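Student: Given next are the chains, with one letter for each unit.
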Amino acid sequence: MSVRRDEATSAFERVRARAASFGSVRPTRVLALLAGVGLLGAVLSVLYGIVQVDGDPRALFLLAGASVLAATAFARTVRVVVAVGVATVLLSVGMVLYVLSLPHDPQVVAMLESNLKLLAGQSILEIKRSEVWALSVAPTPLFVTWYLSVRGWYSTAALVGGGTLGYFVLTGDATLVQTLLGVVSVAALIGFGDLDRGGASLSAAEPVAVVLAVMVVTPLLISVTPAGSASPLALGGGGGTTVEASIVETDSEVELVGSISLSPEVRYTVTASESQYWRTSSFDRYTGEGWVRTGESVPLDERPLSSPPGETRRLEQTFEAEAPIQTMPAAWRPVDVSGGAADTAQVTSLGGLEPAEQLEPGDSYRVTSAVPDVTAESLAAAGSDDPEAIREQFTQLPESAPERVAGLTANITADASNRYETVRTIEQYLETNKEYSLDVDRPEGNVADAFLFEMEAGYCTYYATTMVTMLRTQGIPARLTVGYVPGEQVDDNRYVVRGFDSHAWVEVYFPGQGWVPFDPTPAAPREQAERSRLDEARAQNETNVDTNETAIQPNPGETPLPEGDPAASAESTATPAQPANISGVAGGDVGAIQGRPGEFEDQEGGSSPLPSRERLALGAVVLAGAVAGLRRSGLADRAYRSVWLRHVRRSDPLTDIEAAFDRLLYLLERRHRPRREGETVRQYLADIGADPRARRLAELRERAYYGGVATREMADEAVSLLEELREA
Amino acid sequence: MTDTETDVPDPTLESTIEETSAVVEDVIENVETVIVGHHEEIEHMVTALLGRGHVLLEDVPGVGKTMLARAVAESFDGSFKRVQFTPDLLPSDVTGVNIYNQKTQEFEFRPGPIFANVVLGDEINRAPPKTQSALLEAMEEEQVTVDGETHTIPQPFTVIATQNTVEGDRAYDLPMAEVDRFLKKLHLGYPDADEETEMLARVVGNHPIERLEPVASLADLQHARDVAASVTVAEHIRLYATELAAYTRENAQLGVSPRGTISLLRAAQGRALLDGRDYVIPDDIQTEARPVLTHRIRTATDRTPGDVLEDALASVEVR
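One line per chain: the protein sequences are A and P, in this order. The first sequence begins at 1 in the numbering used here and counts up one residue at a time. The second sequence begins at 1001 in the numbering used here and counts up one residue at a time.
Read the hints as simulated data drawn from the structure, not as lab findings. Keep in mind that this is a model prediction, so the values were computed, not measured. Misleading hints may appear alongside valid ones.
[Unchecked claim] Under 7 Å between C-beta atoms, here's a sample of chain A residues computed to sit facing chain P:
hint	residue
1	Gly678
2	Thr680
3	Glu699
4	Glu702
5	Tyr706
6	Gly707
7	Gly708
[What the hints assert, rightly or not] Restraint ranges, calculated between C-beta atoms of paired labels, are given here:
hint	chain 1	residue 1	chain 2	residue 2	range
8	P	Pro1087	A	Pro692	56 to 64 Å
9	A	Ser201	P	Glu1310	24 to 32 Å
10	A	Thr77	P	Gly1306	52 to 60 Å
11	A	Arg649	P	His1236	21 to 29 Å
12	P	Glu1140	A	Pro692	40 to 48 Å
13	A	Thr711	P	Glu1310	48 to 56 Å
Yeah, the Cβ is synthetic: ideal placement off N, Cα and C, and Gly gets one too.
So that you can see chain A by itself, here it is in the shape it has in the complex (with noise of 0.2 Å):
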């Protein structure tokens, strides 16, 4: 039979065959590799971004080739029995060597209990040493993804690869276009392997290619139109994110997010009695894009408060929340809580406080900080004889940082004799030099050098993270605060903090002294913003933006503090903050972190990045979709028919008749079914039944075309008969 088949193949599909054939490679396993190839760079990339925050992305690079390298070479040589040895063993010496590589013994429960909570969402820049423990992971997955892709078994590599990325996805490392990336090249890997191992054409490929195009399309159109549709209650900034939804509410982790908005509604109030920055964390992993608190929080028992260094004074502060709030705010530095809610106090890892679970409106607890006590010239006799340890965990830097930035600072700072005058010559700089503005473009890439380079203004956080870039490029150990501005003093020692309070700044590091807040946000323009908002909030009656006391007094007196320069004067430096709600009463605000219009707008201004190498990948994946959706369809080709089908464009009578016969065949086609080969026409025509009209067009054309007799009046029967069964 198979030798029936053989010689029922015409020479000239044997030729096609044959050239399809050379190389021996076919075109389906050329598709299931590539997407093979595209889910190795899904995770290549994640593995990417964990390890460019603080390693060398060439080890990365370097290793993930030997490993593919390895992976081409034993998929020829080696059975599948022993890769999966070998890997096992590449992953045991990886994690061998990533627990030599970390600073004191972990505990075997610990590590399993911080493994649970990667897979909850921490992030994996959160652990220790991350980008160690990247480079001794990486190579494991990437091996065994691309040896099973060579070796055929195209749907376990899938699930090895895919595997990986959802590891990635659970943790929140990998970003909405890496996981769409990895997903469809997981779906093309299975679509086109199987169609690879069934031998199947070319052509049998275009289903998959469609739905792999439909994958890529639904969640964008998914995520684009609530953003689009702006919610009712994201108002002012024309943002999605409000300030304090993007840098307060988070958890550990700050995002650098686009055009931002302000809440004005109260989150708490303050009793104290000097106002002050009031803080709810620190971040000091900056991986160009955001910020990172690596380590835990522990309770209050297992990490004991301390009090900073050097000189400083007590202030004692009570916080009473006025909405659902997951932050416990307090000056710094706090050193002890009492209170209702002090039992859920946690100590994170640098020293901040925050709640182990939501606190609700009129829950409330009594902070005790112990103020550093600092003056310009404490300060300026501090000197620079950082601890190793402060020094190697707060002047990290992204690869992604470029040179530029530490040469711009250099030059900024040259005039500078001490650190003291490094950092306000570098805040000046900043507060000078960019404009204030809620409404900016999310840059891609290093946010730092974008800000320094590209933008023209920006608002507190990008303000702050780039003051921290800045300060690192010389060394300097510095890290990213957030919390809220001291709020509207409503009495003596009574402070009212709304949500577009929050703010954040910068602390560095001075021997002797400990961290000394500075901020590099000039503060004229951000109040402006804030009361304009405020006052709009009021004048639009909006829920929740006044308490009693604020009420009575409509006309309620500034922010007391210089904020420009918290330094100079110590009483300044110091508020604690509130916490935000986490979900229910700015939810319209929150909501929209990802997905933002902004993703997708065209970038305005002169630096319009080029789209991701992932973003390409997947826009290739839409355009062949779509290309093959559309042959699929046939929906180009019907309508260029249906144009065809009523107009026959007249010339030479043999020309307009074999037209119009043309037609008559693509009518009967519809109406029936296509002519096969090796049916002559006759056959086709009295085996459907045909109209008499149709046997006749299909003589005037027997006539013309194989009898060579074609005249005007035969062309124009043929036409009209054309044009008469069109009708009927």
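Assemble chain P onto chain A, guided by the hints.
Tutor: This is chain P only, laid out in the frame that chain A set:
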């Protein structure tokens, strides 16, 4: 018929076609007074005649091969000869011999039965190869060479040969090269019950063949052949025939020869004429392909030549 034709001063091809087609229809009707059923085979016989070809009838004995051949032959008013091939038949019994004439003191040629317009070669496979090849040479060359002297056979000239399929080892099967010279090989098959009953009714008493009169002249036949030769064969048709032949060559041990392709087109021209058309259409090719091509194909597998041809017809795109 000849008269009417001279009356027409300058007939257009179309009217010529109609007239010729009418003559051919007459012949078919005439044959059908003798032969019951087998309409298709009769048409095939006639289109072969129009295509200037010879016909081989092959079947079991007694199904009317000879009767069909006689009926067709006797529908024309030309000379008709019948040769019964036997194992002891000599080539000269077919071609003729030189005999010494006592009166003129010279050898003179006495033509054999091959010198006729229609020659019926009965049971051709019973004769030895040498005698067969004498016949086949005459068919191909349309001339006979005896003692170095060439004698031309009068035109039109057609051989209708019959061959039994049940002779077994007492028969000399025609070699492929010689079968190729027949334009068509036809099988009659048994008549169905109705036809056989009808046939019996006709032949009891006087056999109708005895009363058969010619309905067309030799000139009519010659003219019809000329008209058939003028039937248009478009390039698409030539291409189609070529592709059919190419298919059989690729998919069988021995495929259709170029002579087979020529024969196919000639038969198709005859078919077009019979249908009253002055151009060949793919349907003509398909109808004629089976009897014209099948006997030129030899297969090495268990697939029959007929299977290969059906595949070809089904899969080669109609142009």
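Student: All hints are to be evaluated individually against the structure, with a verdict given for each.
Tutor: Each hint tested on the structure:
no.	hint	in the structure
1	Gly678	holds (4 Å)
2	Thr680	holds (4 Å)
3	Glu699	violated (10 Å)
4	Glu702	holds (6 Å)
5	Tyr706	holds (4 Å)
6	Gly707	holds (3 Å)
7	Gly708	holds (6 Å)
8	Pro1087/P <-> Pro692/A: 56 to 64 Å	holds (59 Å)
9	Ser201/A <-> Glu1310/P: 24 to 32 Å	holds (27 Å)
10	Thr77/A <-> Gly1306/P: 52 to 60 Å	holds (53 Å)
11	Arg649/A <-> His1236/P: 21 to 29 Å	holds (23 Å)
12	Glu1140/P <-> Pro692/A: 40 to 48 Å	holds (47 Å)
13	Thr711/A <-> Glu1310/P: 48 to 56 Å	violated (38 Å)
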